[in-house]
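**Q** Below, each chain spelled out in residue letters.
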Amino acid sequence: MTPIADRIRHSWRAAFRRWADRWIQRRGPSKPPLSLGYRQIFILPTGFGWIFGLITLAMLMGSLNFNNNLGLLTAFMVAGLAVNGMLVAFNTLHGLTIRHCWAAPVFAGEPARLRVSLANDDTRPRPGLSLRSPTDKVNFALDYDQNHEVDIPIPTSQRGWMHPPRLRIQTTQPLGLFEAWSWFWPEQPILVWPRPAQPAPPLPVRGGGSQGHRTVAEPQGEDFHSLRGWREGDPLHLVAWKQSQRHQALLSREFRQEQSEILELNLALAPGKDLEQRISVLTAWVLMAARDQRPWILDLGSESLGPGSDESHRNTCLRALAELPK
Amino acid sequence: MNLTSPASAVYWTLIALTITASPHLMAMPPWLGGLFLVMVAWRWLAASRSWSAPPTALRLFISLILLILVFVASGGHWSRRAATTLLCMMMAAKLMEMFQPRDLRLVAALCFFMMTAQFLFNERLVYLFYLGLGAWTATMALVSIQRLESTPLQQPDRPWQGKLIDQSRQAAGMLVLALPVAALLFVLFPRLAQPLWGLPQQSMDGRTGLSDELTAGSIANLFLDDRPAFRVEFPDGQPPPVDARYWRGPVLTELDGSTWRRSQFADASSPLPEARVGSEFEHRIQLEPHERRWLFALDHPRSGPEDSRLTTTRELLARNPITALTQYDAWSVNAPFGPQTLPASARAYYLALPEGRNPRTRDFANELRQSFPDDDAGLAAHVLEWFREEPFRYSLATAPLGRHNADEFLFDLRDGYCEYYASAFAILMRAANIPSRVVLGYMGGDWQEGGQYLLVRQSDAHAWTELWIDDAGWVRVDPTAAVSPERIDYGARGAIREPRHALDNEWLRNLRNRLDRAQHTWNRWILGFDAARQQRMLERLGLPRGTHTTLAVIMVIALALVTLALALLLWRRDRQPPRSAAERAWRMLLSRLGRRGMVKKPGETPREFAHRIQTDLAAGNNEFRQLAELYSRVHYGPPHAELAQDFIDTARRFKP
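Note that the protein sequences, when read in sequence, are chains A and B.
If you read the first sequence in this note's numbering, its first letter stands for residue 369, the second for the next number, and so on.
If you read the second sequence in this note's numbering, its first letter stands for residue 558, the second for the next number, and so on.
Chain B on its own, in the form it takes in the complex (with noise of 0.2 angstroms):
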């Protein structure tokens, strides 16, 4: 395998084709990536074996035998997902007949796209070295084609074209150059503050965080996921207290067998009338995609950015589904607040428990509600007392649970993690005829000294209820805080004693919540850069606030300049002085020569030029000739130090 033979074209668009796809690769099933690679493996032999390219027939028949494959695989379902696996396999059918420059070209040029539908699915900070890998491949895919292209006819078998270091780092330098006008349109394009068509509703790759639902063991799974879910900056720099750290998320009500459920009007419903309470708190998130429509805010949000609203049970809904980091701003009260009566008919509904299920868990609340006939508060505080007093664990066991899932976990298992107490919890106090409802969110995060944010990760993925307290309205009660207190004060991870898995050390964590401060800035400079905030650094920068056209205005002038600046470099990079001290002297020859008149011609030989001047020389003076002489033969001829030494210490001691 030779990267700079003529097939090296072929192999450098096959890399950057490889590359680029990998990612799609490892999100298809994977026979379909092994056949995909298979394609690329054949093409690589047809190149270094010079292998024909098979006939039309069998071309179509394969590539609709993968269209056929892309089918099944996606179950005829068409997401993201299936389109891109689409794309991967018709690039792999066209590699059959990329044969031409042409096709190679446009292969290449494919990679590009690759990559950008890529970051619809994810952009962090480590898609940045795929994106630098997949440019330079891509990159160096065009310029060997290129070269492949320009060879001189009368030696095909030696293409035009330096050694790969030459050619690596031509493509290198091309991408480098690249860079200031990605940067300057980056700021300056007039970005969309609403998009043109819809969004579709999945695209995630099925890595969620919270679910909608609640059941036995859907958070407990996300315990072992250390992915961040979102970070939150304060404006005085200042975390809130670790106990106050709920971050509210969807509010179930509904109890269907034994899974809590969202309403189903929920999207639909709006606040009601509320009085102002308290003081607002005000913090900046950067919500990663979850591809649901909710915005995470500490409780109890009261507002949040323009585009999104509250419901009634105090959610915080964007208008599209968070497809892709977005940064907003939310405003809080730390204590409960809202209106302070219930609707009789909203107060059967925070009730509602389904017929014929947890008998012992109803029998145990009828006993509770008599020992405190009109004090809910005091109910469910015993409730709490009587958590941390019998032998109740807080643990990663998830458990399945029956029919009666609430008796069997207050009574029998005892173990679990905190979905099995809001559950319970939650089941318990409607029995006992306190409006109650589940709260799913996460509790906690790590406060980055460093980058000064709290970062909130999947594991810090939380349940915990609220029940309806007259004169006071929706309280929040979180039973693990009783049966486990460590989990408020040091996180779940705190908590729970048992190693997650085998990496789990202290140092790795160190490590990763550095690697998570350098994403926080990336996220924060780069994919958190939207409209708004372009608008915000124009004005620092004293640019006139406008509308998309006087952005577009002022992003063509400074391209005009940021071009201009880059001809000129490339044009004194183009002048720079030659590398052999031979052709230095020389240089300096001429322009001593030229200073008195006698100004070499372009295209004119040295010997030429020697020949024309003779007569301007003082009379008799051959020695500029011989000069000429011996500078082409150190220059054009082999490579002669001694020659090259003696033309050097000839030509200072020139007298024109």
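Same shape as in the complex, but just chain A (with noise of 0.2 angstroms):
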């Protein structure tokens, strides 16, 4: 195969994707909270159906064929059998409600483990239940008036805001001849933090002489803290005129006094070749930082966060490093 015509068949698939997944979300609602119902279950024979429906129409020809009732009558209940299974199948997803989906942030590479919530309402048992995601399959039972949460992992690949892949919950009870299934997508994007750099050069501590360091000789030996935006009454000695000059803006120097160290983890002086590669660097610092207790301010450029050294300040600098725009 060429690769255009790779190609050309790929870009087929995906408008056929796209297509059918708009028609799916047209149907009814497709997002949870939703309970299952006619408009969202989709029910077809699986591969053994088909070979059944052919060894059966074997029955029926050579029963057919040769006038003989007993072989009909066999033939006929294994129809019925079918059907039941096929209605067996359909009960067993409608009414079937998804609570919700959510998952935990993760490191961009790593699965995220998206947790979904499932609620029986009725009370029969609804057995042989699984979920699919493109790349993974977990079965799960749920008995009668019973909630489920079900973790399934999601691959990630980039950082920031990822839209899960649609799920499929689908089940092949009770005899293996019908999949009944049913198309939602998760209602929340996952957060997908940027993969830490591997590895990680050392945090640029003060005095190191490291990139992403600066010292600066400050009076009454103050630790600088950062910068803001230049008040009136402002000493000149604390206007930092080459930040400002490439901010254009006029920017002052912050000095707070502190027993502890602040780390400055600065984007735009961490190593790297590009963007994306500096944005590791920062996540393993960040994550080095919160480990070792150590606070810390980073610096985006646009914004400054921290200083900060608890779960939360790691969790907003995370998060604001996978917000970055690309």
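A couple of the hints might just be wrong.
[Unchecked claim] Derived DSSO-like pairs: lysine-lysine, alpha-carbon spacing no greater than 30 angstroms straight-line:
#1 LYS1158/B / LYS399/A
#2 LYS641/A / LYS694/A
#3 LYS1158/B / LYS1212/B
#4 LYS694/A / LYS610/A
#5 LYS1158/B / LYS505/A
#6 LYS694/A / LYS399/A
#7 LYS641/A / LYS610/A
#8 LYS505/A / LYS399/A
#9 LYS651/B / LYS505/A
Everything labelled a hint here was simulated from the structure, so no lab data went into it.
Join the two chains into one complex using the hints; note that each chain is given alone, in its own frame.
**A** Shown next as structure tokens:
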């Protein structure tokens, strides 16, 4: 297959997929919370179902030809089993409630664990269900009047907000002849943090002379804290001329008296060939600083976060890094 | 052996396979059937001890061996039995690679096919139990395979499955719910009036009834056979008198050595034009399959069903061999009729005797001829009288006769079954220059008072003769009647005093008759249901008589209705009230709240619901939150009877 033909095929498939997705979404609610109704449930014979059908057809033709009524009765009973199987497969999904989906943020490249919360309000158990993502399949069963949570891994590749793929909840109950399924789209995007650099360069410690770290000689031994917009009354020596020139605005340095060292993690100064690599390095630094309980400031150029050293500061920083425009 | 363990899918598949294959196994050579069972046993052990599949080369090798063995067993002769033997052995070979749910399912599905294959050989009532048991076990197999496959991956050692009883109830339930669709299709599915492809010549496992030749012992062997040959119903519910119950079958006209045969041209011949004589007598016959073309009818048949015809010798022939239970109407006349003259060539044909045989019979015939020079009827009557006076005995003795078979029987042995009398008498008549032929068929039958039908068994098989008497035509003469009138009056079992086998007694015979009545009903309503009957039934229901297309349309509509009804049934069943009292109380509570506009959303837990509607309830009413809390503990927590009772009482008192 030539690459061009491949590409055409691929684009056709993508177009079909888009069309199919829109069609499904038009048919009825497709995002949790939703209760599966006939508009959401699709049903087709499985591969085994088709073979079973062929066997039944052979039985039917043979018995018809030889006018064998007991043979016909068998074939018809098998047909009856298939009809039942179809109804039961449909019923296994019908009325099932998908309450919500939620996934904790993950680093790009790691699978996100999407937690799907399901409820069975009916008085019958729903055995033999499975949840499928494009890459994974999880089997589960719901007892009557039971709530259940199913975790399914969703692969991630890029930082940012990822819209999870459509998921398929399916069953081949009770005999494996028919597969009933429903598609739904998780209602919330998943936050994917940037991939931390591996191996990460050491943290830009003050005095270490490393790139991402600035030492500023300060009067009164005060620690440099951050840059902020110039306000009236700021002494001239506090004006950060270089940065001001770069940002086309007058900025002042702010100093604060602090006991511990504060790391300054600056996107512009982080090592790396391109933006993504620098983001990776910063991510690794944030993680290292959080692990070591060292307070840090994250300077992304457009905004500066911190200082802080707790979990929530870490998550804020990671989210900001993830959301940086590409 | 645990029938709910993960290996249970294999166990149930093997059980279903063994049950559905059992009639096939009994029909194949014992060593081949044994081999099949060995394969099943191996697979069972492999499942219980977690053995892995044998290597591909070994599997192929064993399959090839099995193939060769099937070929050897069938003697290279392709028949329907050889085909089912092959099917069984290939299933046995499949067991070696049956290690995936996919393969298990295929084997389980083919179990249904195996049953249909067996019904081509036999579809008697007892096979209904075979069908029920086989279908149930095969469904069990499919259910347990499904359970195995949908086991949560986190707990592979504990498949999602309940107790064995639940599983078997599920399988039985599925089958019961399959019955409406099956019944509907059975009644409405358009039947073929003509087969699409040819019928095989042999399929009966050698269980034949009458053959088309007569040698010493060929009918006496049938005396032990209590299987029904056919059943007859009469429009007025009255069977013909006992001495008129001659059921005519093949007519043997050629004596080849000591064996009577049919003419090889008999099938092609057609009856001579004839005058209508006497009144016609209608009767309906359900003929058990016998692999031959002839249809039995009361002597003397005049016409049969549409696709049959009469031959010159007044045999009723179907177009194809009877391989399934066949129901047909026949019309007979109770007196001889037909052409009044026999052409000279035919006369010579019916007088032909092999040369150099039976000299004493020929001498005796000459003597008789001298006594009755022109009176053929008188001569025959005299011989019958002679049978009666001389010490002839009617018994099951089947001494093999030599070259001069008629001589040996008439003058030395004088003891035998009907075929001896018919054969010797016909030879004697031919020697006396009276055209004669032997007729095979059945004589008698048990009138089943409860079922209003006449049951004719294989043991009623009989042979008699017909003589050409000028001005009268072919006249039936039964030499056995002269020797043993009881044979005619009480049937073969009444005439032969000696018990046929150890289990031959009155009580058993009665039981057998009762069973036969059930079989007759089965034949009549299920097996005899064909294209013609289907049309009649539709007419009675007031539906338009029409083509297959009309029928198909009716069928599809009815099928849709039945499916809808089933869907509603399943839907209702799923919404039956919950079992525990606490759950009922909770639902009552919910419906009371619902009437006030506080409806629990699907998927909302009791606690969430209570929290949400807190504001809607009367101010400061914390009672419902407590109730919801209590219910959560009762319902989701460990069983606690007092707590449950407490909840129920509080729920009853609760005022929203």
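**Q** Which hints from the list above does the structure break, by number from lowest to highest?
**A** Going through the list in order, the structure violates no hint and respects every one.
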